[in-house]
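Asker: Can you build the whole structure from these sequences, using the hints too?
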Amino acid sequence: MNTKLTELLNIKYPIIQAPMFLVSNVAMVTEAMKAGIAGCIPALNYRTLEELRASIKMLHEAKVAGGSFGYNLIVNKSNIKYKSQLEVLCKEGCDFIITSLGSPEETIKQAHAAGIKVFCDVTDL
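The sequence shown runs contiguously to residue 125 in my numbering.
Wrong hints could be hidden among the right ones.
Said to hold, decoys possible - Derived DSS-like pairs: lysine-lysine, alpha-carbon spacing no greater than 27 Å straight-line: (1) K12 / K63; (2) K34 / K4; (3) K63 / K77; (4) K12 / K77; (5) K4 / K117; (6) K77 / K117; (7) K4 / K77; (8) K57 / K83; (9) K57 / K81; (10) K109 / K57; (11) K57 / K91; (12) K81 / K91; (13) K91 / K109; (14) K117 / K91; (15) K57 / K34; (16) K109 / K77; (17) K83 / K34; (18) K117 / K12; (19) K63 / K83; (20) K81 / K109; (21) K117 / K34; (22) K81 / K12; (23) K83 / K109; (24) K109 / K34; (25) K91 / K63; (26) K63 / K34; (27) K83 / K117; (28) K12 / K34; (29) K34 / K91; (30) K81 / K4; (31) K81 / K117.
If you are wondering where the hints come from, they were derived from the structure by calculation, not from laboratory data.
Answerer: What follows is the structure, encoded as structure tokens:
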């Protein structure tokens, strides 16, 4: 199947596995990639930056052709780890970031500079 999303993320099917708080994990995203879709994990599923880095490393090692992975990043003031999580994601690399609950402006600037695509989850207009 060929769509704008499959081309953008280099995936087989135009599906992004939902980043579910305390549910999504490396194993789930690995299986999503094997199925030819994009997998996503909330960055807040990891209590420390070291755990976040470790998950990125594991997903880079598990990555297969036709799959991609990314992280959901809460970008408002309630996430006191936002800036450090964004820094880790940009330094370690992932295919995409999904922002939610705030302005994606800073994330877009930094992620695009690192070659990472950004999707913005809008819950209210």
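Asker: If a hint holds in the structure, say so; if it does not, say that too.
Answerer: Status of each hint after checking the structure:
1. As the CA atoms of K12 and K63 are separated by approximately 13 Å, the hinted pair is consistent with the 27 Å bound.
2. Distance check on the hinted pair: K34 and K4 sit about 20 Å apart at the alpha-carbon level, within 27 Å; holds.
3. Distance hint between K63 and K77 is unfulfilled; the C-alpha atoms sit about 32 Å from each other, more than 27 Å.
4. A C-alpha spacing of about 36 Å is found between K12 and K77, which places the hinted pair above 27 Å, so the restraint is violated.
5. For the suggested pair K4 and K117, the alpha carbons sit about 13 Å apart, so the restraint of at most 27 Å is met.
6. In summary, the hint linking K77 to K117 is supported, as the alpha carbons are separated by about 22 Å, within the 27 Å threshold.
7. With a C-alpha separation of about 32 Å, the suggested pair K4 and K77 falls outside the 27 Å cut-off, and the hint is violated.
8. The suggested pairing of K57 with K83 holds, with an alpha-carbon distance near 20 Å, which does not exceed 27 Å.
9. With a CA separation close to 19 Å, the supplied pair K57 and K81 stays within the 27 Å bound.
10. For the hint linking K109 to K57, the alpha-carbon distance of about 23 Å falls within 27 Å, and the restraint holds.
11. Between the alpha carbons of K57 and K91 the distance comes to roughly 11 Å, so the proposed pair stays at or under 27 Å and holds.
12. Taking the CA atoms of K81 and K91, the gap is near 15 Å; set against the 27 Å cutoff, the hint holds.
13. Using a Cα cut-off of 27 Å, the hinted pair K91 and K109 holds, with the two alpha carbons roughly 14 Å apart.
14. In summary, the hint linking K117 to K91 is supported, as the alpha carbons are separated by about 14 Å, within the 27 Å threshold.
15. For a cut-off of 27 Å, the pair hint linking K57 to K34 stands: about 17 Å separates their Cα positions.
16. At roughly 18 Å between alpha-carbon atoms, K109 and K77 fall within 27 Å of each other, so this suggested pair holds.
17. Note on K83 and K34: the hinted pairing is violated, with a Cα-Cα distance of about 31 Å set against a maximum of 27 Å.
18. Of the pairs offered as hints, the one joining K117 and K12 holds, with about 17 Å between alpha carbons and a cut-off of 27 Å not exceeded.
19. The suggested pairing of K63 with K83 holds, with an alpha-carbon distance near 26 Å, which does not exceed 27 Å.
20. At most 27 Å may separate the alpha-carbon atoms for a hinted pair to count; K81 and K109 meet this at roughly 18 Å.
21. Distance check on the hinted pair: K117 and K34 sit about 20 Å apart at the alpha-carbon level, within 27 Å; holds.
22. For the proposed pair K81 and K12, the alpha carbon gap of about 33 Å is over 27 Å, so the pair is violated.
23. For the suggested pair K83 and K109, the alpha carbons sit about 13 Å apart, so the restraint of at most 27 Å is met.
24. The straight-line distance between the Cα atoms of K109 and K34 is roughly 30 Å, outside the 27 Å bound, and the hint therefore fails.
25. Taking the CA atoms of K91 and K63, the gap is about 18 Å. The hint holds against a cut of 27 Å.
26. Pair hint K63 plus K34 holds up; C-alpha atoms about 8 Å apart against a cutoff of 27 Å.
27. With a C-alpha separation of about 17 Å, the suggested pairing of K83 with K117 holds against the 27 Å cut-off.
28. Between K12 and K34 the alpha-carbon distance is near 10 Å, which keeps this suggested pair within the 27 Å criterion.
29. The straight-line distance between the Cα atoms of K34 and K91 is roughly 25 Å, inside the 27 Å bound, and the hint therefore holds.
30. Under the criterion of a C-alpha separation no larger than 27 Å, the hint pairing K81 with K4 is inconsistent with the structure, at around 32 Å.
31. Between the alpha carbons of K81 and K117 the distance comes to roughly 20 Å, so the proposed pair stays at or under 27 Å and holds.
Checked against the numbered hints above, the structure breaks hints 3, 4, 7, 17, 22, 24, 30 and satisfies the rest.
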